[in-house]
Structures are given as C-alpha cells and as structure tokens.
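> All chains should be built: construct the whole structure from the sequences, respecting the hints.
The primary structure of each chain is shown beneath.
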Amino acid sequence: MSYIIDRRLNSKKKSAVNRQRFLRRYKKQIKHAVEESIKKRSIQDMDRGGEITIPRKGTSEPMLHHGQGGKQTRVYPGNKEFDTGDEFQRPQGGGGGGAGQGQASNQGEGEDDFSFSINQEEFLDFMFDGLELPYLVKKQLMDTTQFETHRAGFTQAGSPDKLNIVRSLRAAHARRIALSGSDRDEIRELKKQLWALEKESISDENSQKIHALQEQIKTLDINKKRIPFIDDFDLRYNNIVKTPVPSSKAVMFCIMDVSGSMTQSIKEIAKRFFILLYLFLTRNYKQIEVVFVRHHTHAKEVDEEEFFYSRETGGTIVSSALELTADILQERYPRSDWNIYVAQASDGDNWDGDSQRCSKLLSEKILPLVQYYAYVEITNGPHQNLWNEYQETHQQHPEQFAMQHIEDVADIFPVFRRLFERKTKGAA
Amino acid sequence: MKKPPISTGAEWTFELIEAYDREIGRIAADFGLDTYPNQIEVITSEQMMDAYASVGMPLNYHHWSYGKQFVETEQRYKRGQMGLAYEIVINSNPCIAYLMEENTMTMQALVIAHACYGHNSFFKGNYLFQTWTDASAIVDYLVFAKRYIAQCEERHGIDEVESLLDASHALMNYGVNRYLRPKPLTAEEEKERVNAREEYNQRHINQLWNTIPKKDEDDTATQQARYPSEPEENILYFIEKNAPLLEPWQREIVRIVRKIAQYFYPQKQTQVMNEGWACFWHHTLLHQLYDEGLVNDGFMMEFLHSHSSVVYQPSFDNPHFSGINPYTLGYNMMQDIRRICEKPTPEDYEWFPDIAGSNWQETLDHAMRNFKDESFIQQFLSPHLIRELKLFSIVDDSEQPVLKVSAIHNETGYRKIREELAAQYNLGNREPNIQIYDVDVRGNRSLTLRHFMHNKQPLGEDTEEVLKHIHTLWGFDVHLESVTPEKATAASFHCPPKEKLELY
Chain A
1 MSYIIDRRLN SKKKSAVNRQ RFLRRYKKQI KHAVEESIKK RSIQDMDRGG EITIPRKGTS
61 EPMLHHGQGG KQTRVYPGNK EFDTGDEFQR PQGGGGGGAG QGQASNQGEG EDDFSFSINQ
121 EEFLDFMFDG LELPYLVKKQ LMDTTQFETH RAGFTQAGSP DKLNIVRSLR AAHARRIALS
181 GSDRDEIREL KKQLWALEKE SISDENSQKI HALQEQIKTL DINKKRIPFI DDFDLRYNNI
241 VKTPVPSSKA VMFCIMDVSG SMTQSIKEIA KRFFILLYLF LTRNYKQIEV VFVRHHTHAK
301 EVDEEEFFYS RETGGTIVSS ALELTADILQ ERYPRSDWNI YVAQASDGDN WDGDSQRCSK
361 LLSEKILPLV QYYAYVEITN GPHQNLWNEY QETHQQHPEQ FAMQHIEDVA DIFPVFRRLF
421 ERKTKGAA
Chain B
1 MKKPPISTGA EWTFELIEAY DREIGRIAAD FGLDTYPNQI EVITSEQMMD AYASVGMPLN
61 YHHWSYGKQF VETEQRYKRG QMGLAYEIVI NSNPCIAYLM EENTMTMQAL VIAHACYGHN
121 SFFKGNYLFQ TWTDASAIVD YLVFAKRYIA QCEERHGIDE VESLLDASHA LMNYGVNRYL
181 RPKPLTAEEE KERVNAREEY NQRHINQLWN TIPKKDEDDT ATQQARYPSE PEENILYFIE
241 KNAPLLEPWQ REIVRIVRKI AQYFYPQKQT QVMNEGWACF WHHTLLHQLY DEGLVNDGFM
301 MEFLHSHSSV VYQPSFDNPH FSGINPYTLG YNMMQDIRRI CEKPTPEDYE WFPDIAGSNW
361 QETLDHAMRN FKDESFIQQF LSPHLIRELK LFSIVDDSEQ PVLKVSAIHN ETGYRKIREE
421 LAAQYNLGNR EPNIQIYDVD VRGNRSLTLR HFMHNKQPLG EDTEEVLKHI HTLWGFDVHL
481 ESVTPEKATA ASFHCPPKEK LELY
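Just so you know, the sequences run in chain order A and B.
Going by the numbering used here, the first sequence opens with residue 1, and the numbers climb by one from there.
Going by the numbering used here, the second sequence opens with residue 1, and the numbers climb by one from there.
Heads up, some of the hints might be wrong.
[As the list claims (entries may be wrong)] Distance ranges between label pairs, derived from CB positions:
{"no.": "1", "chain 1": "A", "residue 1": "17", "chain 2": "B", "residue 2": "178", "range": "52 to 60 angstroms"}
{"no.": "2", "chain 1": "A", "residue 1": "113", "chain 2": "B", "residue 2": "318", "range": "25 to 33 angstroms"}
{"no.": "3", "chain 1": "B", "residue 1": "491", "chain 2": "A", "residue 2": "313", "range": "24 to 32 angstroms"}
{"no.": "4", "chain 1": "A", "residue 1": "55", "chain 2": "B", "residue 2": "387", "range": "41 to 49 angstroms"}
[Stated by the list, open to error] Listing some non-contacts, in silico: residues in chain B with all C-beta distances to chain A over 10 angstroms:
{"no.": "5", "residue": "25"}
{"no.": "6", "residue": "193"}
{"no.": "7", "residue": "237"}
{"no.": "8", "residue": "365"}
{"no.": "9", "residue": "370"}
{"no.": "10", "residue": "448"}
Keep in mind the hints are simulated off the structure, nothing from the lab.
Beta carbons: idealized from backbone N, C-alpha and C, even for Gly.
See below:
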C-alpha cells in the first residue's frame with residue numbers, strides 16, 4: 001500500500017531560517033568579506049548580491065576523532081602487484097591513502113575557503129551595517145524601482161472589479177451577429193419569397209406555400225434567439241500594467257582630492273560616501289552617469305579604477321577640479337536634461353589662496369545648475385580655510401549645499417539626511 | 001507470458017509512478033520483502049536541498065549548522081560541482097521516500113525499487129533499527145523537539161540555545177549507549193514526562209552536590225571512591241543527568257540531541273548492509289519486471305547504466321578513489337551470498353558449510369535481520385569476493401619508517417583481510433573510545449574524561465575545541481587524559497588550559 005504525494009508546491013524556503021542563523025553567526029566574517037568585495041567592485045556594480053568567501057576554519061564543528069599517528073591497518077581494493085610483506089615509502093600528501101583519515105572525520109583534507117552566495121538585499125544590509133542608517137532609509141535604498149499603474153487596453157481575463165461593461169456588451173453583440181449570420185441570410189431569402197407570393201393572386205396552393213414559409217421563418221427566428229445574449233467569451237476587462245516610475249536622467253560627479261595627504265583609508269571612506277550617493281540616485285533615477293574628477297594641482301577626468309587606486313603626490317588646488325566640473329557640465333550635461341549631483345571628498349587641504357576662488361566658482365557656476373552638492377571632509381585634524389569658506393557657501397545656499405566632517409564611516413549618513421528629508425517632503 | 005510494457009517514454013506521470021509502484025510492490029511481496037507502507041513524495045531540487053540541510057529529515061529544529069550545509073549545497077549544486085541524490089528515504093512508519101522531479105521514469109522506478117522496497121524492508125527488519133529506533137514515533141518526536149527548542153529560543157534567547165546546541169552537537173557521537181539496550185522513544189510519553197523529569201532531575205542533582213564536607217571526616221579514605229563508580233560511555237547522558245549548573249530546559253535540549261543521535265546510530269553501523277541490500281533488491285526487482293515484459297530494453301539500458309555507476313569501485317591508485325564504496329561492497333556481498341546458496345563451489349562448502357546450497361531468500365533475510373556491517377563482513381565476506389575486488393591490507397605504523405602490505409587475496413590472507421575490513425567498520429575502532437572517568441565530587445567538581453587508546457592512535461586536533469564545549473555544559477574544569485593500555489598517560493588536555501609547569 002503506497003501513498004503518492006506531490007510536494008512540489010509546498011514551500012521551498014524551509015531552510016531560510018537556518019540560513020539566516022548561519023549569516024547571523026558569521027556576521028563578522030561576512031561583513032569583512034563584503035567590505036573586501038566593496039574594494040574590488042565598481043560603484044555602479046554595488047547594487048547586486050554575489051559570492052562571498054569566508055575562511056572555512058571558523059565554520060567547522062569540532063568532533064572528537066583520531067589524529068595522525070599510531071598503528072592503523074586499512075583495506076584497499078584493486079591490488080595489482082603487491083605481495084604480502086612488501087614495504088614502501090609513505091605516499092606524500094596522502095595520495096593513495098585518501099581514505100586514511102577521511103572516514104573518521106567528516107571534513108576531508110585540503111580545507112579551502114567556504115564560499116556561498118548572498119542576494120542583493122543581504123549584500124546591502126551587510127554594507128550598510130556600521131553606516132548608522134535609519135531603518136526607513138535602509139529600506140528605501142534596498143527597495144527596487146517604484147511602479148505606477150497604467151491602463152493598457154483590454155484583456156479577456158481579470159477580476160470582476162475591472163470588468164468593462166461597454167466593451168463586453170459590444171463583444172457580445174458582435175458575436176451574436178457573427179453566429180446568427182447564416183440564419184439571417186436564410187430568413188431574408190425566405191421573406192423575399194414570401195413577399196413575392198403575397199403579391200400574387202390568392203389561391204389554395206399559394207396560401208399553403210405561404211404558411212410553410214412562415215413556419216420556416218419562425219423556427220429560424222427561434223434558432224437565432226437561442227444564441228446567448230452574453231457569454232464568458234465576451235467579457236472584457238480593463239488591463240492595468242505596472243510601469244516603472246518615469247524618471248529622468250541623472251549625472252553624479254565624484255570629486256576627490258588625490259594629493260599625497262589622502263591615504264588609502266581616507267579613500268575607502270570616501271568610496272563609501274560615493275556608493276551611498278550612487279545607490280540613492282539609482283532609486284530615484286532610471287539612468288545615471290557617473291563622472292570621476294580627481295585633482296591635485298591639476299584636475300583630470302578619469303575612470304573609476306584610476307580614481308580610487310592610482311596615487312599622486314603634490315600640492316592641492318581644489319578650484320582646478322571645480323573648474324573642470326563646471327566645464328563638463330556646460331559641455332555635456334545641459335540642465336534641462338539632467339539632474340545633477342556633485343559629491344566632493346577631501347581631507348581639507350587646499351592651497352591658501354585658492355579657497356576663496358572655490359567658493360566663488362561654486363556660487364556662480366556650479367550651484368545654480370546642480371540639485372545637490374555634498375562635501376565631506378575626512379580628517380582627524382583641525383579644519384582649514386577651505387572648510388571655513390565652504391561654511392559661508394553653505395549659509396548662502398542651505399538648500400543645495402551640504403557639508404559634513406567625517407572621522408569614520410558612521411558619520412557619512414548625516415550628509416544624506418537632508419537629501420532624504422527633501423525627498424519625503426516632495427513625495428508628500 | 002509477456003505483458004506489454006508499462007511505459008516507453010522518459011517522462012513520468014503520477015499514474016505511471018502508481019503503476020510501477022504497484023508492479024514492483026507485487027514482485028517484492030512475491031520475494032517475501034516485508035515493508036512499512038510507503039509514502040512517496042515528489043519534490044523539486046530546491047526541496048531536495050532543504051532535505052539535505054536538515055540531515056534528510058522532513059523537519060528539524062533550527063540551527064546555524066543546517067544553514068551552513070544548505071548554502072554550501074546550494075552553491076555547489078548551482079555551479080554544477082555536485083549532483084543531488086535521486087532520492088532520500090526516511091526510517092519512519094509510513095516510510096517516507098522523496099523522489100526528485102527531474103528524474104526520468106526509469107530513474108523513478110529504480111528509486112522506488114531501491115528506497116521504497118529495499119531500504120524500507122531493511123529499516124523494518126534489521127535488529128539494530130528495531131532496537132534503537134521507533135519508526136512510528138520519529139516524526140512526532142521531531143515535531144516535539146522543534147517546538148520545544150523554538151519555545152526555549154523565545155524564552156531564553158537564540159544565543160543561549162545556540163551555544164547549548166553547539167556543545168551538544170560536538171558530543172553527538174558520544175550520546176549513545178553502545179551496549180545497553182535503549183528504551184524506545186515515543187513523543188506522547190516524552191511530552192508528559194518532561195515536567196516530571198525536570199523536577200526530579202533538579203532534586204536529584206541538588207542532593208548529589210549537597211556535600212558540605214564534615215571536618216572530622218577522614219578525607220583520604222573517601223576520596224578514593226570515584227564517581228561514577230564505573231566509567232560512563234554515554235557522555236551526553238551523564239551530562240544530562242549530572243551536570244551541576246544546567247537549567248531543566250537545558251537538560252531537555254541535551255536529551256533531544258542525544259535521542260536524535262541515538263536514532264541515527266543504526267544508520268552509521270549498517271551503511272554497507274543497508275545500501276547493499278537496497279542495490280541488490282532494485283537489481284533483482286527490475287530484472288524481474290524485465291523478465292515479465294513490463295519494461296523494455298531502453299528502460300533496462302538506462303537502469304543498468306546508473307546501476308553500474310552507483311556500484312563502481314575505483315581502485316586504490318585511481319584519482320577518484322575515496323575509500324571503499326559501501327554500495328559496491330554491500331551489493332557484491334549480497335549477490336555473492338545468493339551465488340553461494342545457488343551455485344556453491346567446493347571452496348564455499350569449506351568456508352560456509354551452513355549456508356552453501358541453502359535457500360537464498362531465507363539466508364539473505366537472515367543476514368539482513370541479524371547483523372551490522374562489522375559482523376556481516378566478518379561472517380559473509382567470501383574468498384571469491386576478496387579475489388574479485390583484489391583486496392589487500394596495509395599497515396601504517398607511525399613507529400615504522402615504511403608502510404607494509406600485511407595481506408593480499410591469497411590463501412593465507414583471506415582471513416586476515418576479512419578481519420581487518422570488519423574492524424574498519426567497527427564504530428568502536430573508528431571513533432576514539434572516550435568515557436567519563438571521574439568527578440571530583442568533594443573538591444573542585446572537575447570532570448575527568450579518559451581516552452582509552454587503541455593501537456596508540458592519538459586524538460585529533462579538534463580535541464581542545466570539543467573540550468571547551470564540554471566545559472560549557474559542565475560548568476567546571478574539564479580534563480581529558482589519553483591512557484595507553486599499560487595505564488600510562490600519553491597526553492592530557494585541560495579546559496581551561498593549565499599552565500605548563502603545573503603539568504609536570
């Protein structure tokens with residue numbers, strides 16, 4: 001006696017809790033791995049899950065088992081040339097004796113790293129960990145594109161509340177006409193004969209014929225009426241489709257000081273800052289371009305790799321970068337087509353005479369064009385003249401210009417607070 | 001008289017599965033296989049991975065190690081580094097067998113013959129399963145365990161429960177009584193007895209530790225008596241009953257781990273027999289189907305292809321070699337027993353006077369019921385099969401500079417190889433023999449475990465870690481000594497670690 005059950009429709013996520021427990025337990029290692037992979041990934045690539053590798057050593061469960069040594073006797077299959085009493089050297093690395101220890105412990109030799117996949121949401125979750133993002137913001141960042149519903153014609157299937165009465169009746173009418181076509185042709189034909197007969201003189205023979213014709217017409221009429229007034233087939237429903245919120249294009253400028261004083265760790269913090277801004281923009285705009293501008297005494301537009309990882313030395317003239325940015329804006333990103341965001345990261349160093357020029361460039365050439373300009377100063381030391389100049393700019397343009405002093409990654413978020421505030425206001 | 005084949009294509013349907021199951025079941029009954037009723041469940045590959053992750057059970061309590069297993073399986077499966085098993089079968093009543101959706105009709109039939117009639121009858125017949133497990137209760141017990149542990153997590157926090165489970169899992173292999181026959185577990189009674197047991201345990205332990213030493217007593221005399229008076233092999237049991245600091249719910253969780261370890265204990269000891277039995281019967285049953293004309297040549301070709309890859313044994317110098325394939329050994333031994341019964345040679349009469357020429361069905365049935373891997377090999381491995389597999393044994397003695405071939409498939413070697421191979425499947429040899437030796441009841445309450453060394457084999461590198469887990473459970477100092485048969489201490493481990501100086 002057997003029962004056969006189809007379990008395929010049962011829930012598949014039975015292991016979800018255990019998987020979460022595993023991620024929870026190795027949070028530290030996974031976070032570390034995620035951080036490593038942030039370094040390797042490009043900003044625009046940050047938005048995916050991916051493979052994570054953590055050292056296997058920490059994840060094994062210890063068991064009591066025999067170690068190497070002592071006297072062991074093992075039986076092997078497939079003898080070819082050995083005879084009793086043959087002696088030979090121990091194979092190196094357990095080549096022929098793979099079974100030697102493998103049986104006692106469930107972990108074989110050759111332990112490598114333990115790799116597995118995490119999805120986009122988890123990846124971002126680990127990345128945001130430590131950035132002190134409020135939950136709502138986290139959610140906003142992790143949410144995928146927002147949708148708007150649109151009418152898109154009619155379908156033959158749908159829920160009753162979407163029934164379109166006019167279309168349904170029209171379809172029913174058309175069907176009735178189509179199905180009763182041959183009957184009506186015949187009726188018309190018969191009626192013609194009837195009229196012809198009626199015009200002729202009245203005789204017995206004629207009245208009999210008329211009577212027969214009338215009978216025929218009557219049955220055909222009944223046939224015609226048997227066609228249902230409305231059928232399942234006629235029903236039409238309003239079709240509503242979800243489309244991504246139409247969002248326009250945005251361009252994000254990343255400006256960074258790469259002079260000798262910017263260490264790699266400062267650049268890592270800056271990278272987080274740029275990533276966050278990028279992710280925020282991806283939630284709001286469909287198409288995003290990223291422009292990387294780096295500068296020491298000269299500014300240059302570069303690709304991401306060079307932006308983060310090539311080293312330069314020399315002095316610092318911030319205005320060079322702002323000038324270049326203004327030029328690029330003028331040339332390639334007309335204000336009418338683009339939402340423009342600029343993020344600048346620096347350690348606060350600038351050549352003394354240059355700061356004033358910077359604030360002037362900002363107020364005159366850049367701020368009128370951009371949606372938002374965020375400046376972060378990553379330093380442990382005292383502020384220098386650039387900060388003071390920028391503070392004035394901030395007072396003049398509090399809506400567009402944000403600045404923040406950052407000592408570690410947790411400080412990045414406040415820069416975004418205002419950005420999100422504005423967004424919620426706009427949405428409400 | 002030939003009948004028309006049941007099906008000819010590769011696609012399966014539920015009707016076809018039913019038809020195959022009916023025919024295979026009929027033939028199995030003709031051969032005298034006694035089975036639990038079958039519950040055949042068709043699942044997807046994702047569900048199969050879920051089943052993998054929870055040690056093959058239909059449900060289990062939550063633990064990170066199952067999650068780890070899952071992500072690993074998922075990763076390797078998605079990258080194509082491993083295939084999934086065609087089936088999983090659970091020792092329960094009714095016997096639950098999972099069939100993968102992706103299998104062809106032939107594979108489904110093979111799996112039905114293998115799991116639903118092969119393994120199933122083994123679960124029902126073998127003495128180890130009968131004494132150690134209660135097939136009708138296991139699913140209920142797991143439901144109870146899952147619920148109880150979830151409750152504990154709610155009450156005491158996930159971390160508390162997790163560290164307790166970690167510690168208990170580390171000792172899972174030492175949670176069984178090897179020699180004492182256990183009482184079968186039933187979920188109903190368990191639930192009723194939980195409260196009673198908690199109360200009793202707590203009182204009992206209080207009494208045990210209620211030992212304020214009297215001043216005028218002669219300490220030296222009383223200290224000689226050890227507690228426990230005999231070494232205790234079931235470490236988890238001892239901890240459950242005696243650990244001074246555990247809360248009642250913690251004792252219950254230790255008990256759950258111990259009970260589940262006990263449930264799996266027979267499977268570890270009968271791998272060769274169990275798989276061999278199932279392979280033998282799928283081979284026999286499907287051939288019978290073919291003889292009756294119920295399946296066609298194409299079916300048989302596909303079946304034989306997967307059958308022969310399952311029972312393939314790479315030789316020791318093959319890069320794919322990873323120990324003796326239990327399927328090969330078991331299957332060949334079963335076939336060999338049938339051969340000895342049906343076509344005995346003079347050699348067989350000499351080696352197996354009691355079974356040579358007997359009824360093969362009765363002999364196999366007897367073998368299936370009354371043995372475990374170790375004794376099965378010891379009893380039934382024939383010289384014929386040793387020659388066929390070209391078995392040889394190698395002694396690896398760390399005191400000798402070289403390895404030595406101690407026996408090959410010749411007249412003088414047969415017995416030795418048989419003994420060595422049987423010993424290889426003796427759990428007592430495979431796992432270090434560690435027992436609870438002493439508790440310092442009157443002093444610092446430290447727990448001393450003793451490792452009785454076998455063939456001078458030392459303990460592995462995980463030992464310190466496991467000791468930490470024992471320390472978590474016990475709550476006081478834990479010591480472990482490796483003792484040679486001459487009663488000399490070869491190595492000792494301590495948690496918390498002792499200063500080197502103190503040791504000597």
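> Now, for every hint given, state plainly whether the structure supports it.
Outcome of the hint check:
The given range of 52 to 60 angstroms is broken by residue 17 of chain A and residue 178 of chain B, whose C-beta atoms sit roughly 34 angstroms from each other. At about 27 angstroms, the CB distance of residue 113 of chain A to residue 318 of chain B agrees with the hint of 25 to 33 angstroms. The hinted range of 24 to 32 angstroms is not satisfied by residue 491 of chain B and residue 313 of chain A, whose Cβ atoms lie roughly 58 angstroms apart. In this structure, residue 55 of chain A and residue 387 of chain B meet the distance hint of 41 to 49 angstroms, their C-beta atoms being roughly 47 angstroms apart.
With a minimum CB-CB distance of about 7 angstroms to chain A, residue 25 of chain B fails to clear the 10 angstroms threshold, and the non-interface call is violated. No Cβ of chain A comes within 10 angstroms of the Cβ of residue 193 of chain B; the nearest lies about 28 angstroms off, and the non-interface call holds. Every CB of chain A lies more than 10 angstroms from the CB of residue 237 of chain B, the least distance being 16 angstroms, so the non-interface label holds. Residue placement check: residue 365 of chain B keeps its beta carbon more than 10 angstroms from all beta carbons of chain A (closest about 21 angstroms).
Its beta-carbon lying about 23 angstroms from the closest one in chain A, residue 370 of chain B satisfies the requirement of being farther than 10 angstroms from that chain. With a least CB separation of 15 angstroms from chain A, residue 448 of chain B remains clear of the 10 angstroms interface cut-off, as annotated.
Checked against the numbered hints listed earlier, the structure breaks hints 1, 3, 5; every other hint is satisfied.
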